[in-house]
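Counting from 1, position 8 in the sequence shown corresponds to residue 8 in my numbering; the numbering is continuous, with no gaps.
Honestly, the hints are just simulated from the structure, not real lab data.
Hints are all accurate, no fakes.
Derived DSS-like pairs (lysine-lysine); straight-line CA-CA distance at most 30 Å:
| hint | residue 1 | residue 2 |
| --- | --- | --- |
| 1 | K68 | K135 |
| 2 | K20 | K71 |
| 3 | K8 | K104 |
| 4 | K68 | K152 |
| 5 | K68 | K20 |
| 6 | K135 | K102 |
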Amino acid sequence: TAHAHTLKCLFVNARGLISKIDILKTHVYEMGVDIVGVAETFLNDDVPSAEISIEGYTMYRKDRCNFKEGKAGGVLLYIRNEIISYAFQELNNSQSESVWCKLKVDRNDSVTIGVCYRSQVLSDNELSELFRVIKRASEDNALIMGDFNYPKINWDTLDCDASSLAFRDLLLDSYLFQHVRQPTRLDNILDLVISS
1 TAHAHTLKCL
11 FVNARGLISK
21 IDILKTHVYE
31 MGVDIVGVAE
41 TFLNDDVPSA
51 EISIEGYTMY
61 RKDRCNFKEG
71 KAGGVLLYIR
81 NEIISYAFQE
91 LNNSQSESVW
101 CKLKVDRNDS
111 VTIGVCYRSQ
121 VLSDNELSEL
131 FRVIKRASED
141 NALIMGDFNY
151 PKINWDTLDC
161 DASSLAFRDL
171 LLDSYLFQHV
181 RQPTRLDNIL
191 DLVISS
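Produce the entire structure from the sequences given, and follow the hints as far as they go.
What follows is the structure, encoded as structure tokens:
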């Protein structure tokens, strides 16, 4: 069962998953990962799930084309089959680039797992939807991974610019903690791992 050990998680910003699925599978199996979050899958309806499935893992997928115009984007979660998981439809129905599931950790407890992608060109409406589902997810035990594209937040001091203020405050108000302290792209921390 999930609570018997610490869950091993991996987050990847793929920038195109199809050409990298074999590399991802190798890493997942070698590292013995329980949960894999992928942002920027660049998938669409032409790509069958069988092409990107990982044996032994349940997949939760949300392609950008299924809720708005545009290529690229897309998010995906893989959960090891031994862990009881199910789609969190209330959050998955949101008009945001995020995919969510719940893990059953024991009889009375669950954890909400999500992968988010905040593109640099998203509407105010989509941003408020993304913030709404993060806030909702944080009402339970939560683990949220993603590329949020907020390079101006100093995660040690929590200083930030005006465009990052709402996101920083969302995390603080929701009692969420951001774990990544090393740059994930050039000198910036864009890919985040957040938990309650």
